[in-house]
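Using the sequences and the accompanying hints, generate a full structural model.
Number of protein chains: 2
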Amino acid sequence: MAVKALFFDIFGTVVDWRGGVAREAEAILAPQGYRIDWLAFADAWRDEYQPAMEKVRAGKLPFSKLDLLHRHNLDRIRPRFGLDDLSEDLCRDLNTAWHRLPAWPDVPEGLTRLRAQFLLAPVSNANIGLMARLARHNGFHWDAILGAEIAGDYKPKPRVYEAACEAFDLPPHECMMVAAHSYDLAAAAACGLRTAHVARPDEAGPSTGESGPRVPVDVAASDFINLARQLA
Amino acid sequence: MAVKALFFDIFGTVVDWRGGVAREAEAILAPQGYRIDWLAFADAWRDEYQPAMEKVRAGKLPFSKLDLLHRHNLDRIRPRFGLDDLSEDLCRDLNTAWHRLPAWPDVPEGLTRLRAQFLLAPVSNANIGLMARLARHNGFHWDAILGAEIAGDYKPKPRVYEAACEAFDLPPHECMMVAAHSYDLAAAAACGLRTAHVARPDEAGPSTGESGPRVPVDVAASDFINLARQLA
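Protein chains in written order, with numbering that gives the first Met the number 0: chain A, 0 to 231; chain B, 0 to 231.
Worth flagging that the hints you see were computed from the coordinates, not collected in a lab.
Be aware that one or more of the hints could be misleading.
[Stated by the list, open to error] What follows is a list of derived Cβ distance ranges for each label pair: (1) B:Q49 <-> A:A29: 56 to 64 Å; (2) A:L89 <-> B:Q49: 44 to 52 Å; (3) B:P170 <-> A:R228: 40 to 48 Å; (4) A:L89 <-> B:Q116: 47 to 55 Å; (5) B:D46 <-> A:R228: 47 to 55 Å; (6) A:S206 <-> B:E53: 53 to 61 Å; (7) B:R135 <-> A:G211: 32 to 40 Å; (8) B:P78 <-> A:A231: 43 to 51 Å; (9) A:A189 <-> B:D74: 50 to 58 Å; (10) B:A26 <-> A:Q116: 21 to 29 Å; (11) B:A219 <-> A:R79: 50 to 58 Å; (12) B:E53 <-> A:V214: 46 to 54 Å.
Every residue, glycine too, gets a C-beta built ideally from N, C-alpha and C.
Below you can see the structure in the form of structure tokens.
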């Protein structure tokens, strides 16, 4: 296949946003006396994710970093969880929950193996600062942080995949997008990239995620270690 | 000082461009029967560096990646070294000499120590692909690759330093530029960044480089290990 670089979706594919946001929210808010459904809070926050980016994709909003969209979304859902009176400091702290999400258990070993063969970069909708801190939190070693911020638009817009290939000075067919979401892979394939699906069937709770690809892909993997084995 | 991120100039500060280009050129061209003054070739190639970028800075050329400027500069100097008839493949190979430059001996240990305390990123005029491959060659672990390509302009234009701080979501006074060149540090300081000078007195041959800062800086270090010690 002559693939030289792997590009990774992050939220859901590499890290567990749901468990992570729930855990961070509880760690920050429970000591302040708040008792809410932490998983429901994570789900509600994430539900605002695509609609917020869609305004940017549609050209209704200029490009804004995901940290800013996350904060805007947090402020939208706060009233629903009785968090209207949160201090600015607590809101800021809470917004960095996305900087401290845990990797799925198979990721560290999988990435270490893949690193021996390929250039590795996140091609996520997250901003560079968020990705850099998430990498520190989990010990990821990326070759660069690509994705929405260097493209000035959000996936699945073609510009994001094209900008990633261009940043590594590689033609699209030498790059492979790795994601747990078929819409992401379909968009990457339309730009000429190779694609690998990684199953995350329990992404947002039991049986909520994709247990397999819903579009044609080059590789369908059960997890990152399996992906490394298939690409070896 | 509350510095959270260190930004690094690369050519001359972190890696030995002169010895590296000379060595790579010899490794590629000597087997083809060429016998030239390899260090003079490296110097001539580097001499075209600032004039080429100046056209971009002055707005006479749209932003072009350094790999492209290097190639253009190579084609300019080839006749002077009897390399007019080099094949396209050899030219391409030669142009990637800049991807394989060796770090100065103090750099690996210095960066490892600094990494325990700070976010680390190159803020170089090199493009992302060049920096990623240079990092692989030397085992550098950057948190992100910032610099000219994400800014769309070349140092010492203020936009390059500002874009780096913004990418890490940090105010300039929490970022420190590390360089062996006073002009780079003066420009960073004018943008509000902290500055550290690292002495590379033999950068382009004995006593050609700066043995100390020629402008006011926050830290003047003899090498990267000394820098780590001063910032600890």
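Does 53 to 61 Å hold as the CB distance between A:S206 and B:E53, or does it fail? Holds: the Cβ-Cβ distance is about 60 Å, inside 53 to 61 Å.
Against the range 46 to 54 Å, how does the distance between the Cβ atoms of B:E53 and A:V214 compare: consistent or not? Cβ of B:E53 to Cβ of A:V214: about 48 Å, so the range 46 to 54 Å holds.
Okay, B:Q49 versus A:A29 on CB: inside 56 to 64 Å? Given a distance of about 57 Å, which is inside 56 to 64 Å, the answer is holds.
Please test the hint of 21 to 29 Å on the beta carbon pair from B:A26 and A:Q116. Given about 24 Å between the Cβ atoms, the range holds.
Verdict for B:D46, A:R228 (Cβ pair) under range 47 to 55 Å: 49 Å, holds
For B:R135 and A:G211, compare the CB-CB distance with the range 32 to 40 Å and indicate the outcome. For A:G211 against B:R135, whose Cβ atoms are near 33 Å apart, the range 32 to 40 Å holds.
Does the Cβ-Cβ separation between A:L89 and B:Q116 fall within 47 to 55 Å? 27 Å, violated
Tell me if the beta carbons of B:P78 and A:A231 are separated by a distance inside 43 to 51 Å. For B:P78 and A:A231 the Cβ distance comes to about 46 Å; the hint holds.
Mind checking the hinted window 50 to 58 Å against the Cβ distance between B:A219 and A:R79? At roughly 55 Å between Cβ atoms, A:R79 and B:A219 fall inside 50 to 58 Å, so the hint holds.
Outcome of range test on Cβ distance (A:L89, B:Q49; 44 to 52 Å): The hinted range 44 to 52 Å holds for A:L89 and B:Q49, with Cβ atoms some 49 Å apart.
Per the hint of 50 to 58 Å, is the separation of the Cβ atoms of A:A189 and B:D74 within bounds? With a Cβ separation near 36 Å, A:A189 and B:D74 fall outside 50 to 58 Å, so the hint is violated.
Range hint 40 to 48 Å: satisfied by the CB atoms of B:P170 and A:R228? Once the Cβ atoms are compared, 45 Å apart, the range 40 to 48 Å for A:R228 and B:P170 holds.
The structure does not agree with the numbered hints 4, 9 stated previously, though it agrees with the rest.
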